[in-house]
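Peer 1: So the chains spell out like this:
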Amino acid sequence: MNAPENKQQFRLVGTRPVRPDGVEKVTGKAIYGPDHVSPGMLQGAVLRSPHPHARIRGIDTKKAEALAGVKAVVTGQDFPQAADKLVAGAESASNLRWVAQKCMAIGKVFYEGQAVAAVAATSHAVAEAALKLIEVDYEVLPHVIAIEDALAEDAPVLHDDVFTQGLAEKPTKPSNASMRFAIERGDAKAAIAGAAASFTGRFTLQPVHQGYIEPHACVAQWNADGQAQIWCSSQGHFAIRAMTAGILQIDIASVRVHPLEIGGGFGGKTTVYLEPVAMLLSRKAGRPVRLTMKRTDIFRSTGPAPGAVIDITLGAAADGTLVGAEIELKYHGGAFPGANEVYSGVGGAVGHYRVPNASIVGWNVLSNIPTMHAYRAPGAPQINFAVESAMDELAARLGIDPIDLRLKNIVHPGEPSASGVPLGAIGYAEALEAAKAHPHWSSPVAPGQGRGVACGAWGNYGGPSTASVKLGEDGSVLVTEGSPDIGGSRASMAIMAAETLGVAYEKVRVTIADTSSIGFSMVTGGSRTTFATGKAVIQATEGVIEQLKDRAARTWGVDVAAVTWEDGTAVHGDQRLTLAQIAAKTGTTGGPISAEAVVDPHDFLPGFGVHICDTEVDRETGHVLVKRYTVVQDVGRAIHADYVEGQMQGGAVQGIGWALNEAYVYDRSGKLDNAGFLDYRMPVASDMPMIDTVMVEVPNPAHPYGVKGVGEVPIVPPLAAVGNAVSRATGIRMHDLPISPDRVYGLLRAAE
Amino acid sequence: MSSPAYHAPETIEQAVALLAGDAGARPLAGGTDLIVQMRSGRNAPSAIVDLKRIAGLSGIRALPGGGFAIGAATPCTALKDDAALAAAWPGVVEAANLIGSVQVRNRATMAGNLCNASPAADSVPALVAAGATCLVAGPNGQREVPVEAIPAGPGKTSLAPGEVLVEIRLPAQLGADAYLRSIPRSEMDIAVVGAGVSLVLGAGGVCTAARVAIGAVAPTVVLVEAAGAALIGGKLDDAALEAAADAVRAACRPIDDKRGTAEYRTAMAGVLVKRTAKIALERAHKNQGRSQA
Chain W
1 MNAPENKQQF RLVGTRPVRP DGVEKVTGKA IYGPDHVSPG MLQGAVLRSP
51 HPHARIRGID TKKAEALAGV KAVVTGQDFP QAADKLVAGA ESASNLRWVA
101 QKCMAIGKVF YEGQAVAAVA ATSHAVAEAA LKLIEVDYEV LPHVIAIEDA
151 LAEDAPVLHD DVFTQGLAEK PTKPSNASMR FAIERGDAKA AIAGAAASFT
201 GRFTLQPVHQ GYIEPHACVA QWNADGQAQI WCSSQGHFAI RAMTAGILQI
251 DIASVRVHPL EIGGGFGGKT TVYLEPVAML LSRKAGRPVR LTMKRTDIFR
301 STGPAPGAVI DITLGAAADG TLVGAEIELK YHGGAFPGAN EVYSGVGGAV
351 GHYRVPNASI VGWNVLSNIP TMHAYRAPGA PQINFAVESA MDELAARLGI
401 DPIDLRLKNI VHPGEPSASG VPLGAIGYAE ALEAAKAHPH WSSPVAPGQG
451 RGVACGAWGN YGGPSTASVK LGEDGSVLVT EGSPDIGGSR ASMAIMAAET
501 LGVAYEKVRV TIADTSSIGF SMVTGGSRTT FATGKAVIQA TEGVIEQLKD
551 RAARTWGVDV AAVTWEDGTA VHGDQRLTLA QIAAKTGTTG GPISAEAVVD
601 PHDFLPGFGV HICDTEVDRE TGHVLVKRYT VVQDVGRAIH ADYVEGQMQG
651 GAVQGIGWAL NEAYVYDRSG KLDNAGFLDY RMPVASDMPM IDTVMVEVPN
701 PAHPYGVKGV GEVPIVPPLA AVGNAVSRAT GIRMHDLPIS PDRVYGLLRA
751 AE
Chain F
753 MSSPAYHAPE TIEQAVALLA GDAGARPLAG GTDLIVQMRS GRNAPSAIVD
803 LKRIAGLSGI RALPGGGFAI GAATPCTALK DDAALAAAWP GVVEAANLIG
853 SVQVRNRATM AGNLCNASPA ADSVPALVAA GATCLVAGPN GQREVPVEAI
903 PAGPGKTSLA PGEVLVEIRL PAQLGADAYL RSIPRSEMDI AVVGAGVSLV
953 LGAGGVCTAA RVAIGAVAPT VVLVEAAGAA LIGGKLDDAA LEAAADAVRA
1003 ACRPIDDKRG TAEYRTAMAG VLVKRTAKIA LERAHKNQGR SQA
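Note that the protein sequences, when read in sequence, are chains W and F.
Mapped onto the working numbering, the consecutive letters of the first sequence carry residue numbers 1 to 752.
Mapped onto the working numbering, the consecutive letters of the second sequence carry residue numbers 753 to 1045.
Extracted from the complex, chain F is given alone in its bound form (with noise of 0.2 Å):
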């Protein structure tokens, strides 16, 4: 019986090789996906390419500027115990602490849950709706992209072959964010619906940008902008949360399935949206009076 190959490339430059010189070849970060997905028969992979080796993946680097740096190979419970990570972006990191047990958090990354491209993937519409972008290196050297660019469909990504991504960059955070999900449990299970809402308030607490993005109500996460939208030139009253679930509920285009039917998806995702932006708002405004003190 043969078994994969694998390797631990030390430099991105020998990942993208590796993985260029090999179709059937997978990076592996945490493996939460992978692993599991090959113990089950749904993926046979000919290599494995462990990235965590590599120096700089794992990790979270400041930008210069207020952003941040998350090495792809970085596991989710790193981004927690940063302190400073977790004052920015508590949206993004709580997103990312939801995925399934302590034990898998230990291990997996939201590089890994970006790319296993599942529509219901917990730390994607918080990354997308703080408007973070990835850092891919490939054939041809190194690109920048929106995350929203990244999943192409259940599974799918926009990767080209030999393409690997390196790490994910949060902006400076001007505002706030926050992400909820619906499960039946209370933990341990995956989304029905997800939803991030990033905020910027500006003087006299009105909002002055804002994006929202929904999970597994469509074959990838959506940023939704006329929600956004809805959100914008206005202090989050009832009407302005009312049109951005309205917004929402528009860009649903969910699958009946075992986790949930379409009706029910589409109404939470109104529901949840209008929660989310309440709990953002509650941040921005506290991060107002911080600054302002």
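Only chain W is shown next, with the shape it has when bound in the complex (with noise of 0.2 Å):
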């Protein structure tokens, strides 16, 4: 493994100790979204539309009512009248109108899998007995899953009050487009023209999902008095908040959300699709009501990330310079509208690139499969994959090195950003002068194998955090934070509140605290957490600092300003007060210690990655092996350097996933018919070699220990980097994922 250089310069910053919650997950005592019970709590259950398209003429809840043991039934004529309604607190704005339609169906059902009532009854045999006794009418309509279906003339049009957003005029007549969004520079056509070399090609992706192994689930207890209660995990518990009581219309102060241990969410846990149910279901039965999502469920109605349709011509001088780009991609949106990743996969096509000349298109597509959620780096890996492959191609044509391509082209410190601001102190040459100077990138390639690279950014982000730090009467430390740790945060915060403080990792214990004990930390998401939250809890800290300095000066009877803190110790000339001796007297120097911190940090920067990737094809059986996988980002600043690493890790792997075998596969009566880990590929380890580190830090300055986010950018390149690797290894560009067997198989047979 790559150690920091300047792994000196800091006490505890880029260490690697225990992780707090190593323990309890490790032994089972942890207690996640499925594990929590409730005095007095129901089982519910979910009735699914077999249908991926209808309109709901009516339900029938007599007979599961009057089932012994049946507390509550609950359809979509339960929930408040849902008008368009923007909620904030996930990495974007959510219109409730839509999130309460992903809880359940109001009037019609947009895909297979959608819920359309629920029950609660005193176990779970009997809530999934009333379930086969509840009878919907289903209107079945015409469905179209595919992104070229449903943008044709005679296509089945969902919503007849969607139109198209983002043309110049608006349009007359609803569309499966629910939006156009573009960027463009130049004169991307001419420069092109003018190009020495160009490459066009169609690249297309089928959905894949977040794959977390927890499933959703939540209990919920809503009581006589409009007093609420949940406790669910999810990536952001203020979101859960306020979504929740938006679409049931009550104050977010009457509803308390206890954050549980996450078990995998990726992006995929940023908003509801359980826990207004579960409400609904509590306030008429007036018991606690827990519900669990089965695996198939949470194929068929959560998630996932959009597959792509993606027109690309890239065009560059003959010394590689790229001078143009025209792209048009066409995102799956799913059943309804609102997804983000048009938004980052047009601005981020081509922003880790100077090209002056650019006209990227992209359009949002609905369809009948669920509506996208976010998937680590939502958007990137994507249009990644179409752009990459053309890079590459570039550098063949062109007869440059791959990595040297992307030098002479990439954006430098100073420059535009996709966005136009200037970027910051970003670490991309450096990542690939890594890459390049790295063994793998020198090592000779096997016969028979295929070597690739790709390279990959995402933007990162900051927003709002609440934190505090409090002392105990011992000396020991609390942190409480409101952002529920999904890889390893605790640890990053409790290792920068020591650092701060100068005390001992182990003197800091960290508490993720419910909506009423914290104020709002937008979501675990977008790579923000050790950046903003940190943020917060070095600022807490701070605060708690400066208490103690004033206590010692109250003693010595000096100014405060002429008390430092050295080493968790206030100093004062040769008098000095450990952190421990003031915490005891604390009593009789002005009561207990706590500092706490809000902040909104917009300082962030953009991380930046390179893949390097080897790969064996079958060529008898198009099977494609993953031999070496190369690693190599500009963190910022590892706090926690087992935890950067594993996102780097983790972040490739998933990315490996989406390119070799990973995707929804529908059948003709669009319904999903891969919902399982069975048949939904995701790998497994002894599919992958290990996944080789180098971790750049290039600290961010706007940050005490130079943080940038680390858990998103990794997904970004693998895609393009194995299909980089498998075109090399058999002469053949990979235009589609999966690089499933039987497809390379097909394209070798083809090209005999």
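Derived by calculation from the structure, the hints in this document are not laboratory data.
Watch out, some of these pointers could steer you wrong.
Dumping the calculated DMTMM-like pairs for lysine to aspartate or glutamate here, alpha-carbon to alpha-carbon at most 20 Å [claimed, not checked]:
hint: 1; chain 1: F; residue 1: Lys1030; chain 2: W; residue 2: Glu620
hint: 2; chain 1: F; residue 1: Lys1010; chain 2: W; residue 2: Asp401
hint: 3; chain 1: W; residue 1: Lys671; chain 2: F; residue 2: Asp1008
hint: 4; chain 1: F; residue 1: Lys1010; chain 2: W; residue 2: Asp679
hint: 5; chain 1: W; residue 1: Lys671; chain 2: F; residue 2: Asp1009
hint: 6; chain 1: F; residue 1: Lys804; chain 2: F; residue 2: Asp833
Take a look, some chain F residues computed to stay more than 12 Å from chain W by CB distance [said to hold, decoys possible]:
hint: 7; residue: Ser810
hint: 8; residue: Met940
hint: 9; residue: Pro971
hint: 10; residue: Tyr1016
hint: 11; residue: Ser1043
Partial list, derived from the structure: chain W residues whose beta carbon lies under 8 Å from chain F [to be verified]:
hint: 12; residue: Val665
hint: 13; residue: Leu678
hint: 14; residue: Ser740
From the three backbone atoms N, C-alpha and C, an ideal C-beta is built for every residue, glycine too.
Two chains, two frames, a set of hints: combine them into the complex.
Peer 2: In structure tokens:
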């Protein structure tokens, strides 16, 4: 592993201590979403539509309600009338009108697996039996799944009140193309026509799921006085609170959401599917209600990330300088408008290169599949697959080393970013140079193998976070925050607090508090938590240090300005008071010591990654083996090095799975045909080589410890890194994902 | 809510009586198919007859003459742990130890794999190639049938009401065997195609007997006699292997589904049978060298 070069600079930052939540998790004691039990709790079950598109003429729940043990039944009619209303809290604003229908169909179903009714009963078996007694009268409508089919003239239109946004003139007819977003600069067509080399191609991808192991689950208790509590795992319990309160039209202060441990989210757990339903069941039943999804429900009604159809032309001068990009990307939007992947797809398409002439047009295309939801760098891997494949083709056509071609074209600090704001202290060039210097890149490619390289970027984020730091009377330290720990952030927060305060890591304990016990914190997403919540923790810790210095100054009768804080000790001349000594005397020096900080930073920086992949192709069967894989990434500065490397490895593995085998498969009737982990093939451990990591540390000057987001960048390059490696191994450009054995076999036979 | 009755008989006769007396009763060995099917709602038995307490149904016995009897409730992991069985029938033991995960194989049995009657069952082509038989107990006594006679179609067996598989019998190994499957991943997957080959070599390394069976390319596992015949009488040169592959491809009756197209499955059956035969041949050479040494 590559330790940070400047590891001596800090006492704790960059080290690898045991995570505070580790023992509880590996011994099975941690309470995850499906584990929470409330006294008197009922078991809920959800009836889901067998049809991908149907009008609900009526739902008869009488027989279900009459079954012994059934305490409540709800349908879409129990939901308050949902009008257009935007709520913040997640990575982008959500329209409650659509979020409500992701929880329960209201009058019409738009995808197979959409909830149409729910039951709470004294046992799970009774609840399941009651579902069979609910009669739904469907008027089945024609459905459409694929992007190009949904855009066809005669395609069934999902919503008669959705008109394409982003067109120069408001259209007169409703459309499945819910949104157009474009970036235009210069004259791309003319630039490409005059280019020394160009590549034109169409790339396609299927929807993929985030694939978290823990199912969606919650317990809700909505009392007669209007006050409610929800226990659930999520990437942001404040977002769960905002959406649940908004959909049910109750005060935010009346809903207290308790965060449970989360078993994976990857962006998919930043919204509600079950919570409002469990709330309605609880209000009717007068008891707490648990809802848990089955794996088939998760595949059919949550996530996924968009499939895509991407047409791209890239042109370059003879020396490799990019002169123009013409790109049209069409992304799956799913059943309802509001998916945001097209924005990042268009914005990030060639954002990591200087391209003077660009025409990049994106479309969000609705069809009868679940509404797209965030998945690790949402919208970036799809377009990156096309762009980095095209770069590989240009490198081959121009006879330029693929890393050198990138170095020639990358953006540098001070140059405008995709949004136009000048880039700060980014480490893209450093990452490419590190990749070039890596023994993987200089090693000979083994016979029968191909080596691919691909680069990728992600903007990262900051946003609001709250944290408080309190001292125990014995000098131990309590950090309280509102960001669910999905990737080791408790350890990172403890390191930053301990580093700042000058105490041992083990003296700091971190709690993720419920929505009534700590101030608002945005979701754990957008690679923002170690950066933004970290800033809040550091700021609150600095507040505590100020109070500690003040107590010492009072004890010594000196001016606080003359007191310094050094390695956990107040210092004034020869006088010293340790943190523990001050903490022991707080009862007589002014009371307990604590501080809270609320931050909303926007001085975050984007991250850049370079991935190198060697593949071997079995020419008789089409099987692709990943033989060697190296991830190089500008990580700002690693707070806990294990979890930074873990993010780099995990993102790479998810991207490799996306490249090789993962895909939603729909049958002709519009039903998902592989709604389980057997036939939705995520990689297993034995599919993967050890993923080597190189942390390139170019610190963010706007963060006390130099943090940049690291979690999303690593899923961006692997699709093209694998595709480029297979293309070089076979001599055939991989245009379509997944690069599954039967597809490769077909391509190899066709090329013979 | 009614839940199925659970019986744990201690004799084969009791098990047969329980199964014969209740058409909705299902035998349980490892339960790695049955329990999963019950939880998904695909199977709702009225009673479960657990075979694991019946004396002799768990474990491996050496038969006179060099064969093996494998009790119906013997988990796949136990096959791997039996050195004599693993040395004699590596193809069968490896096939059984490709099923699911380690945890699954600590419970799952070959008898269950066979009676679940999936065309993609991993252990079945290897057993058929090996010429294995089954001892079946029923209301009318016991009968011994070839393994390939058990599956009748996807999820269907030829077992009569009240009948239960008691043990699987492997003959003495006179040559060597092998099994390979094609899956998109490296493990934890279901065969897109499976191929089992069993060979006997005579003087000078000439193949004197061969059985070839393929899985996941027809409603049941198929014994391809023409493929075996193509291997007999020579030393498995390229022409013989290609002839066996032709015979296998001709025997394929696959469907197009999410796990593979008919075309891909047929092509892979040919590729796999050649690769499997080569492994069996290499093992047979080794065994021959050992017996001559």
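Peer 1: All the hints need checking, so say for each whether the structure fits it.
Peer 2: Cross-check of the supplied hints:
At most 20 Å may separate the alpha-carbon atoms for a hinted pair to count; F:Lys1030 and W:Glu620 meet this at roughly 15 Å. Restraint check for F:Lys1010 and W:Asp401: not satisfied, since their Cα atoms lie roughly 39 Å apart, outside the 20 Å limit. Of the pairs offered as hints, the one joining W:Lys671 and F:Asp1008 holds, with about 16 Å between alpha carbons and a cut-off of 20 Å not exceeded. About 8 Å separates the Cα atoms of F:Lys1010 and W:Asp679, which keeps this hinted pair within 20 Å; it holds.
Proximity of W:Lys671 to F:Asp1009 is assessed by CA-CA distance (about 14 Å); at most 20 Å being required, the pair is judged to hold. A threshold of 20 Å between alpha carbons decides the hint, and for F:Lys804 with F:Asp833 the separation of about 19 Å falls inside it, so the pair holds. At roughly 28 Å, the least C-beta separation between F:Ser810 and chain W is larger than 12 Å, which holds for a residue marked as non-interface. Distance check on F:Met940: its Cβ comes as close as 5 Å (rounded) to a Cβ of chain W, failing to clear the 12 Å threshold; non-interface status is violated.
With a closest Cβ-Cβ approach of about 19 Å to chain W, F:Pro971 is found to remain outside the 12 Å limit, as its non-interface label requires. Under the 12 Å C-beta cut-off, the non-interface status given to F:Tyr1016 relative to chain W is violated; the minimum distance is some 4 Å. Against the 12 Å criterion, F:Ser1043 stays outside the reach of chain W, whose nearest CB is about 33 Å from its own CB. A hinted interface residue such as W:Val665 counts as satisfied when its beta carbon comes closer than 8 Å to some beta carbon of chain F; here the least separation is about 5 Å, so the hint holds.
Annotation: interface hint on W:Leu678 holds; nearest CB of chain F at approximately 6 Å, less than 8 Å. Of the supplied interface hints, the one on W:Ser740 holds, with its beta-carbon coming within about 6 Å of a beta-carbon of chain F, less than 8 Å.
The earlier numbered hints that this structure contradicts are 2, 8 and 10.
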